[in-house]
Structure formats: C-alpha cells, structure tokens
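Engineer: If you want the building blocks of each chain, they are given just below.
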Amino acid sequence: MEELKRSEQLNVKDNVNTKVKLKDQDAFLKINHLVVEYTSEGEVIHAVNDVSLSLRRGKTLGLVGETGAGKTTIAKAVMRILPERSSRIPGGEIEFNGRDILSLSEKQMQKIRGEQVSMIFQDPMTALDPVKTMGQQIAEVVRLHNDVSKKEAAVRAEEMLELVGIPASRAGEYPHQFSGGMKQRVVIAIALACRPKLLLADEPTTALDVTIQAQVLRMINDLKRKLNTSMILITHDLGVVAQNCDDVSVIYAGEIVESGTKEDIFDHPSHPYTIGLFDALPKLDSGASRLKPIVGLPPNPTDLPTGCRFHPRCPLATEACGQGKVPMKELTSGHFCRCNKRKE
Amino acid sequence: MSALLETQNLKKYFKTSRGLLHAVDDVTFTIQKGKTMGIVGESGCGKSTLGRTLIHLLESTGGRIRFEGRDITSVSRRELKKLREEMQIIFQDPFSSLNPRYTVEKAIQEALRLTGRYSPSQIPKETDRLMELVGIDQRLRTSYPHELDGGRRQRVVIARALAPNPKFIVCDEPVSALDVSIQAQVLNLLQDLQENMGLTYLFITHDLSVVKHISDDICVMYLGQMVETSPSDELFTMPLHPYTKALLSAIPTIDIHTPMENIPLEGELTSPVDPQPGCRFAARCKYVCEACGKPQQLEELRPGHFVSCCRAKELNM
Chain P
1 MEELKRSEQL
11 NVKDNVNTKV
21 KLKDQDAFLK
31 INHLVVEYTS
41 EGEVIHAVND
51 VSLSLRRGKT
61 LGLVGETGAG
71 KTTIAKAVMR
81 ILPERSSRIP
91 GGEIEFNGRD
101 ILSLSEKQMQ
111 KIRGEQVSMI
121 FQDPMTALDP
131 VKTMGQQIAE
141 VVRLHNDVSK
151 KEAAVRAEEM
161 LELVGIPASR
171 AGEYPHQFSG
181 GMKQRVVIAI
191 ALACRPKLLL
201 ADEPTTALDV
211 TIQAQVLRMI
221 NDLKRKLNTS
231 MILITHDLGV
241 VAQNCDDVSV
251 IYAGEIVESG
261 TKEDIFDHPS
271 HPYTIGLFDA
281 LPKLDSGASR
291 LKPIVGLPPN
301 PTDLPTGCRF
311 HPRCPLATEA
321 CGQGKVPMKE
331 LTSGHFCRCN
341 KRKE
Chain X
1 MSALLETQNL
11 KKYFKTSRGL
21 LHAVDDVTFT
31 IQKGKTMGIV
41 GESGCGKSTL
51 GRTLIHLLES
61 TGGRIRFEGR
71 DITSVSRREL
81 KKLREEMQII
91 FQDPFSSLNP
101 RYTVEKAIQE
111 ALRLTGRYSP
121 SQIPKETDRL
131 MELVGIDQRL
141 RTSYPHELDG
151 GRRQRVVIAR
161 ALAPNPKFIV
171 CDEPVSALDV
181 SIQAQVLNLL
191 QDLQENMGLT
201 YLFITHDLSV
211 VKHISDDICV
221 MYLGQMVETS
231 PSDELFTMPL
241 HPYTKALLSA
251 IPTIDIHTPM
261 ENIPLEGELT
271 SPVDPQPGCR
281 FAARCKYVCE
291 ACGKPQQLEE
301 LRPGHFVSCC
311 RAKELNM
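First to last, the sequence lines map onto chains P and X.
Start counting the first sequence at 1; every next residue gets the next number (the working numbering).
Start counting the second sequence at 1; every next residue gets the next number (the working numbering).
FYI, nobody ran anything at the bench for these hints, they're computed from the structure.
Small disclaimer: the values here were computed from a predicted structure and weren't measured.
Check the hints yourself; a few may be wrong.
[To be verified] For lysine-lysine, the following DSSO-like pairs were computed, each having C-alpha atoms within a straight-line distance of at most 27 angstroms: (1) Lys-283(P) with Lys-76(P); (2) Lys-33(X) with Lys-283(P); (3) Lys-82(X) with Lys-283(P); (4) Lys-167(X) with Lys-245(X); (5) Lys-226(P) with Lys-151(P); (6) Lys-283(P) with Lys-262(P); (7) Lys-132(P) with Lys-111(P); (8) Lys-35(X) with Lys-106(X); (9) Lys-150(P) with Lys-33(X); (10) Lys-76(P) with Lys-59(P); (11) Lys-30(P) with Lys-224(P); (12) Lys-35(X) with Lys-292(P).
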C-alpha cells in the first residue's frame, strides 16, 4: 500500500517535471527572479523585484502596468542598456535562446543587440539622429551586423523603408521632414532591419494618434508574422493589449501580480489590481456616469510596503496582507496570480 | 437650457513662411450652460487652437464668439480682464503650468490674490476651501510641484483655475499625462465640480473613451475643419462622417472576442497651409466625389446631429 502510494507520488512528480521541461523548451526568452535596483542620492530605488517572465517563440507578450512599475527597466535589462553607474542587478537570470544574457561580455552583447534582440522606444524623435538621413540610419544598423558594402546596405535600407510603407525615394530625407507616425515607422524599420528574433516594443504607439497607432500596430504584426519574431509589447493601454497580444503579465511596483493568456486576464481578471485597472477605464460601451478609480497612489519605489505591495490600496486587504512575501499561485493551468485572497 | 458659449464660423489663421495656415476654419457650435462639449481629433487638427481662441489667448481671424449672449469676438483690455475671471483653462502638463518655486499654498494664494476679491486676511481661509474642494490634503500645503504626483499637480492647477469662480473652463487634455487609475480620480473630480458649481466645460482630448465618458456633446475636427457634431452617445452609435467612422474604428477595444473592424486610412494628410477649398479629408476618403472639392455645408441630419459632408445623407440615411 505504502509502496503504491509512493510510486504514485513519483509518477505525479515525473509528470510535473516533464510539463515544466516542455514549458521551458517553449520559452524563447525566460526571465527568472530578476531584481534591478537604481541608486540615486544615496537611496536605493527598487525598480524590479523578483520578476519572472517567459515568452513563447513567435508570440507576443503584453507587459502592462502604470508609470514607474518597472516595465521599461525590464526591457533595458534584457538589452543590457541599463545605466552602468546608477543601476545594478543583484539577482536573477535572463535566458535568451538558451544563452544567459547577464553573463555575456559587452562584445558578445553587441553581436546580439540589434541583430537578435531589438528595441523600439516610445518617442521616435529622441530615437532618431537629427543630422543623418533616414536611409543612413537604417543602413548603419545593417552594416554593423552584416558584412555588406555601403551600396548593398543602402539597398537594404530602401527595402526596409518600402516594407514599412514609406516610398524608398524618401531615404535621403531627414527626421524633421517626416510626421510622427512616419518617424515611428522608420524606428521600426531600423529595429527590424536585421530581422531580430526578439523585439522589445516599449510603448511603441503611445505618442501616436489612434488612426496612426492602428496603422503602426498592424504593420508590426504583419512584419512579426513574416519574420517569425517574438515580441514583448510594453504598454499601459489595455485596448492595445487586447488587440495585439497572446499572453499578458500585469506588473505593479516592480512585481508581476498576474499573468496568463490574454483570455485568462481579460475574461477572468483575478488580482485586485488588475480588476481595479479594468474598472478605472472609461468604457465605450457603458453609460456609467462615474468611474471607479483605484484609491491612493502607487508606492514610492524607495520605500515599498511590506507584504503585498498593493495592499494599502486594495479593497480586499486584511492585516495579513501586509506581512510576508505573497507567492504566485496558479489559479488554472498557466494563469498565475499573486494574492492571498485568491484560492488556487 | 440656455447657451453659455456660441461660435459662428470661427476662424484662426497663422501666418507662416509658407503661407496662411488654416488652424481653425469655420467652426460653429453651441455649448449649453452646465454641459460639457468634447472636442476630438488627431494632433494638429486645431483642437487646442480652438480652445485658446475661445478664451482670447489667441485672437480670432474671423467669425463670432458669443458668451452669455454677449458678443466677445473683440474686447477691450479691461473687458478682457473681467472675461478672464469667467473663462479659465487647464493644460495637459501640470508641471509646466505651475511655478516650480511656489509651494501648493503659494500657487493657490497667488491665483486668489489676482482676482482682487479677497482681503489678505481672507486669503488663507479661501485657500483651505479650494484645497478641500479639489481634494488636496492639508499636509501638502508646503510641498513643491516636483514633490507631487501628476494627479495632485493637476488638482493644484484646477484649484488655481477655480480661484476667480469661473463659469467656463477649457480643459486641454487634462488627463492625457496621467495613468488610468489617477485619470479616473481627476475625471471624477471634474464631474463633481461641474455638478456642484454648475460649470461648463470645453473638453479637448484625443482619447475617445475619455471624451465619450465626460461629454454631453462632441465635436470632431479634422485639419481645422469641424466635420461632425452630435450628442455624445449618438456619435458612437451612429457616426455619419467618413472620418469619424475611421477614427472610431481605430480605437483598440478591450473586448477580446470581437475582432476590430478597422477602416484603414490611406494616403497622407493634406497640408493646412493655403488649403484648397472643400473637404480636407477628401484625399483620404473612399467616398470622394467631385462635389467634395467645393466648400461643405454643415447639415443637420438628425436632431442636434450636424455633419459636414456632401455625401453623408446619401451614405447613411
């Protein structure tokens, strides 16, 4: 009897192991327990606290959160472009395509950056060089990562421009001659010029008007499909997530509070913060005369609350929520939530 | 109901080195007392210029503005000073509209002093009243703008705007720089103030869900022209202008089960510098016809629902 029970247990354990392994293989980018801190005027800013994420090949992961939640810091950590002096990564791993990003040398990293992993920043104006033509800026990336002549690079640059819907004849023009939407398309052309395997898009459409946003997102998705690129889409706009992502992670005060497929998050939001975000949104299809804001303010990252970081603002919080680290719980397969109030 | 503010064929042109830039061209609407008129449109469509022209931060090039039945299109300096007390404006970025070296208290006191209505001994009490009205905690009295979050900064700006006890406030993207949870707090505050004080708003934004939530009527602008104006709900259920339709279809909804039916907009923007007569959306419109090259008339196709498109009737009715 005892024997049987044990073998059953073993079996169960084996199953769990294989499941985990399968998931590992699926994951193309894996971030494990990442911690990032900044120091400023002697204070330690806890920007990212024990974040784990995984991105499946060819898929889009939406990273949702408010200002200061640590979204951009995570992306910069993956690119290894955090400010050297004021930031440090005391813990965690970033595994990209089987390689440990954090242990690579700067030289090795330069090979990866732009060629295998690219980033699109929010503001196209600061991402472009005002004194170089658009064609030169795209060709520069191409030449950096490929052994091609100047001429070939220029041809590639023109192809990329056409790909993002800008006539190649405009390759000789400067950033100030382009509209905001076109500039962002050029930034995307630069990011995709070397056909990266992973694209980190940090609020790529926040500075754009809705009609242009729709164009740009459609274009990113088309290119992504063509080049089989995986993407992390950082945004605060739940509408953009709903229409463009496969999986979603919600981040609050440097911690992932809920993650799952898009269906998990939009059909069954479970963390009180996620629910609060949905409730605070003015909706197009409701006649509600009042909005339901989340009470209070996001915490100061130099002085985070103990226990659940959200408990001071949470309508469900009890005294126990302020104590001890709250673990992630799996509510249904693949849908995780960091809240004591939610049953597994 | 009575009209607080009316415009008729309001125009604002800017002289540029390339020619005359038509930032606002023939805008005609009426805002009822105690109501909110939302102005939507994409960057560069003239929303902010319109707001500024209404309250004389910019002088209009043509057309009429009436406020409480009075023609205020051109006013003397003295009249303007009086008018400014009744018409206020809140800008998008509270950081740049507050003096970084003034504390919360000092910023509000300054606004109160400028009204000339309060004696020095009354000002502290009035400051308390305004701070309570907009929900700023007393302990923040001596804080500087950089010590406040965006939502609180915007509350200080609102308190300053309320100091002269205005009737009309132009809200120029007041919540665009705020996170959703904070944005909801500020929108609720603006609604409370409207209910309690009978304020009238012109609410300028590019965020269509925000504008639907807060407005009674909405006016859609495209490159300086007003293309459609309608009661808020009706605009979303029954848009009549091809541009409004494309604009509404581009909003990413949070409904993951109905795919978006996006009407893509092809082609580039027409230049608002010395534009051709006629509809400025024509170059991107799939229903374009010869008549689009002539000046368009604003037509009331349904009660209170005006559209400026020669084919709107035939396409929608």
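Engineer: All hints, please: hold or fail.
Structural biologist: Verification of the hints:
1. Lys-283(P) with Lys-76(P): Violated, because 32 angstroms separates the two Cα atoms, which is more than 27 angstroms.
2. Lys-33(X) with Lys-283(P): 26 angstroms, holds
3. Lys-82(X) with Lys-283(P): This hinted pair is violated, its Cα atoms lying about 39 angstroms apart.
4. Lys-167(X) with Lys-245(X): 33 angstroms, violated
5. Lys-226(P) with Lys-151(P): 25 angstroms, holds
6. Lys-283(P) with Lys-262(P): 19 angstroms, holds
7. Lys-132(P) with Lys-111(P): With a Cα-Cα distance of about 23 angstroms, the restraint between Lys-132(P) and Lys-111(P) holds, given a limit of 27 angstroms.
8. Lys-35(X) with Lys-106(X): 31 angstroms, violated
9. Lys-150(P) with Lys-33(X): 65 angstroms, violated
10. Lys-76(P) with Lys-59(P): Holds: Lys-76(P) and Lys-59(P) sit about 20 angstroms apart, inside 27 angstroms.
11. Lys-30(P) with Lys-224(P): 19 angstroms, holds
12. Lys-35(X) with Lys-292(P): 22 angstroms, holds
In this structure, the earlier hints numbered 1, 3, 4, 8, 9 are contradicted, and the remaining ones agree with it.
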